Amino acid sequence: MEEKKRELIHLQRQLGRSKQQLQQHRREEQSVLDRLDTISRRQATLAKEVDQTAKELQTAREQNDILQAAYDRLSYRLDQQRQHLRQRVRQLYKLGQLPYVKLLLSAKDVAEFSRKVQYIQHLAAHDRQRMEHYHLRREQLAEAQAKLAIAVQRTRATHARLREKREALARERQHQVALLHSVRTEKTLTLRAVGEFAQAAKTLAQLVERLQEQAKASKPYQVAVKGQLSWPLNGTVLSPYGRIRHPTFDVVTFQKGMYIGAPFGREVRVAADGKVVYADWFKGLGRLLLVDHGNHIVTLYGHTSTILVRVGDVVRSQQVVAKVGDSSALGEPALYFAVRHKTAPQDPLQWLRQRSVRLTERPEDGAGEFQ
Numbered sequence: 014m015e016e017k018k019r020e021l022i023h024l025q026r027q028l029g030r031s032k033q034q035l036q037q038h039r040r041e042e043q044s045v046l047d048r049l050d051t052i053s054r055r056q057a058t059l060a061k062e063v064d065q066t067a068k069e070l071q072t073a074r075e076q077n078d079i080l081q082a083a084y085d086r087l088s089y090r091l092d093q094q095r096q097h098l099r100q101r102v103r104q105l106y107k108l109g110q111l112p113y114v115k116l117l118l119s120a121k122d123v124a125e126f127s128r129k130v131q132y133i134q135h136l137a138a139h140d141r142q143r144m145e146h147y148h149l150r151r152e153q154l155a156e157a158q159a160k161l162a163i164a165v166q167r168t169r170a171t172h173a174r175l176r177e178k179r180e181a182l183a184r185e186r187q188h189q190v191a192l193l194h195s196v197r198t199e200k201t202l203t204l205r206a207v208g209e210f211a212q213a214a215k216t217l218a219q220l221v222e223r224l225q226e227q228a229k230a231s232k233p234y235q236v237a238v239k240g241q242l243s244w245p246l247n248g249t250v251l252s253p254y255g256r257i258r259h260p261t262f263d264v265v266t267f268q269k270g271m272y273i274g275a276p277f278g279r280e281v282r283v284a285a286d287g288k289v290v291y292a293d294w295f296k297g298l299g300r301l302l303l304v305d306h307g308n309h310i311v312t313l314y315g316h317t318s319t320i321l322v323r324v325g326d327v328v329r330s331q332q333v334v335a336k337v338g339d340s341s342a343l344g345e346p347a348l349y350f351a352v353r354h355k356t357a358p359q360d361p362l363q364w365l366r367q368r369s370v371r372l373t374e375r376p377e378d379g380a381g382e383f384q
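The sequence shown: position 55 = 68 (our numbering), numbered continuously.
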């Protein structure tokens, strides 16, 4: 009987381990792109919360400055009143005991006595008013001091919350880097990622085609001339348009846009006059912005942290429309920029104005994202 019990316990443990392994396999089978997308969304949310908390901290500090200035003014006025009262007490002390009685007794006639009575009443009222003002200032100072203490405490709490959110954002970025490292070192995941990015690229092409069909009836803008588009930002081209070869697994894909590296939050400017036709999250490209320039020309701005325009907005060349994010699968802040002409992918460098281009890798040797 005991042996059967031990065997049952052993089988239950094996079943438990099998269930854990099954759950682990299911987690591993989750789409690489979905996992990256989930991380990117968390990063975007945290980045927004960091910005909001930073603004709250700035507001709190400004309020602290205002309260501190009010406190300093009240303290100065109270000190002045305290000095006046001390001076008044010294004057009365020098006059000796019963100074007002002595003053009245020194009157030579009834008229002078009456004038001195009025004078004493005026002095008494003035002294009483000074004392009332003094006590009022003390109350105001105590109230200002209490408000300042509360404001300082709130500021410290906001600062701590900001630090926590920044640390959480840093952890999400580390998580993203770790996942990207696994994708680049495990061939199975890499091949899966290739397929998923290819499907995402196909979906993107269909989206561009549909949006261009909808925009046919719209008024064309100033013609976007090849070689005359404005650069969306100043930065290093991390991964250019063209063939991308994985350095380890010899997997070759075709990148239909380019990645421009820039600090997180840098302003992104539209390449030419046009109309916003898409501004939303897109799987594989994070927050994506599409601008139709007429004549079947569309520019794409992917992996942005913030989009500052809405669908239907008319934008002008070099207008700030978004900010750089770091949801790129390159593992660092970068803007994905692409050009489509009649839905066909174009080399952005052939459409942008010429400038000195810094490349960090060659198209044939890079290991960038597959879009």
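One thing to keep in mind: the hints can contain errors.
Stated by the list, open to error - Derived lysine-lysine pairs resembling DSSO-like cross-links, with alpha carbons at most 27 Å apart:
1) K288 <-> K178
2) K296 <-> K355
3) K239 <-> K288
Unchecked claim - Restraint ranges, calculated between C-beta atoms of paired labels, are given here:
4) R256 <-> D78: 51 to 59 Å
5) G278 <-> L149: 31 to 39 Å
6) Q100 <-> G278: 54 to 62 Å
7) K61 <-> R256: 30 to 38 Å
8) V333 <-> D293: 34 to 42 Å
9) H354 <-> V324: 20 to 28 Å
10) K61 <-> S88: 35 to 43 Å
11) H354 <-> K61: 42 to 50 Å
12) I79 <-> G278: 26 to 34 Å
13) A357 <-> D326: 23 to 31 Å
14) W244 <-> F267: 33 to 41 Å
By construction, these hints were calculated from the structure, which means they are not laboratory data.
Note that the structure is a prediction, hence the values are computed from the model and not measured.
Ideal Cβ placement from N, Cα and C applies to all residues, glycine included.
Outcome of the hint check:
1. K288 <-> K178: violated, 35 Å
2. K296 <-> K355: holds, 22 Å
3. K239 <-> K288: Between K239 and K288 the Cα gap is close to 18 Å, so the pair holds against 27 Å.
4. R256 <-> D78: 51 to 59 Å: holds, 57 Å
5. G278 <-> L149: 31 to 39 Å: violated, 49 Å
6. Q100 <-> G278: 54 to 62 Å: holds, 59 Å
7. K61 <-> R256: 30 to 38 Å: The hint (30 to 38 Å, Cβ to Cβ) holds, given that K61 and R256 are roughly 36 Å apart.
8. V333 <-> D293: 34 to 42 Å: For V333 and D293 the Cβ distance comes to about 19 Å; the hint is violated.
9. H354 <-> V324: 20 to 28 Å: holds, 21 Å
10. K61 <-> S88: 35 to 43 Å: holds, 40 Å
11. H354 <-> K61: 42 to 50 Å: violated, 34 Å
12. I79 <-> G278: 26 to 34 Å: Given range 26 to 34 Å: holds, Cβ gap about 28 Å.
13. A357 <-> D326: 23 to 31 Å: holds, 26 Å
14. W244 <-> F267: 33 to 41 Å: violated, 23 Å
Of the numbered hints given earlier, the model fails hints 1, 5, 8, 11 and 14; all others are met.
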